[in-house]
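Build out the structure end to end from the sequences listed, making use of the hints.
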Amino acid sequence: MIKADLHIHTAYSPDSNTPLERIITRCLEIGINCIAITDHNTIAGALEMKRLAPFGRQVEPSLRLKVIVGEEIQTLTGEIIGYFLSEEVPRGLPAEEAAYRIKEQGGAVCIPHPFDSFRSSALRRQSLEALVPYIDIIEVFNSRLLLPRQNAMAHRFAQAHGLLSSAGSDAHTSFEIGNTYVEMPEFNDKGQFLLALAKGDVVGRRANPWVHLWSNWARLEKYLRGR
17 MIKADLHIHT AYSPDSNTPL ERIITRCLEI GINCIAITDH NTIAGALEMK
67 RLAPFGRQVE PSLRLKVIVG EEIQTLTGEI IGYFLSEEVP RGLPAEEAAY
117 RIKEQGGAVC IPHPFDSFRS SALRRQSLEA LVPYIDIIEV FNSRLLLPRQ
167 NAMAHRFAQA HGLLSSAGSD AHTSFEIGNT YVEMPEFNDK GQFLLALAKG
217 DVVGRRANPW VHLWSNWARL EKYLRGR
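According to the numbering used here, the sequence shown is numbered sequentially starting from 17.
If you are wondering where the hints come from, they were derived from the structure by calculation, not from laboratory data.
Nothing here was measured: the structure is a model prediction, and the numbers come from that model.
Incorrect hints may have been included.
Claimed, not checked - Here are the computed lysine-lysine pairs in the DSS-like style, where the Cα-Cα straight-line distance is at most 27 Å: (1) Lys-238 to Lys-119; (2) Lys-19 to Lys-215; (3) Lys-119 to Lys-215; (4) Lys-66 to Lys-19; (5) Lys-82 to Lys-206; (6) Lys-119 to Lys-82; (7) Lys-238 to Lys-19.
What follows is the structure, encoded as structure tokens:
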């Protein structure tokens, strides 16, 4: 079994300053051996992480880190995540078009934090319902959600529509990594990943609400640096 944190941001996101190397170190420290890098509107960090992360027969099993190339895409109606991407999906598309582009390249569509009423980027129910034919996975536990009932609503929605459940820390700092993960069987590709996810168990705890200040600070710092 592996421990997979399926929603992590890096310094390639506008609201995170976490270096890739620090993420690798943190994962090895706490026993997370599979991560999905889901930076905002880019796969550049995920591709670089896949190159850097220790994996292969020459690496001690306990030190291996499996990396899923993902992207958290801002659509016209809210954010969706693509897993197993080889090409970046541009922001600003209709949600159905973004989902189609994920599927077209052999990826999987996941909806993050679908019922987070405090996050303007979350898909609202009407948009979510319309997108169901494209959805593979619902994120049923996101550590950064402020209200426990919002995760519970996501879980009920996944069950009602027969969709797979995932979970992630939504880490924007290294110390958030592993707050939430899915304990699941090993896999080698997208098809095996979906089968393994169906057998997975979510282990999660909520992040301290103060972590949102770190994200805001990272965004401000990058803005000031770019002026």
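Of the numbered hints stated previously, which ones are contradicted by the structure, given in increasing order? Of the numbered hints given earlier, those the structure breaks are 1, 7, listed in rising order.
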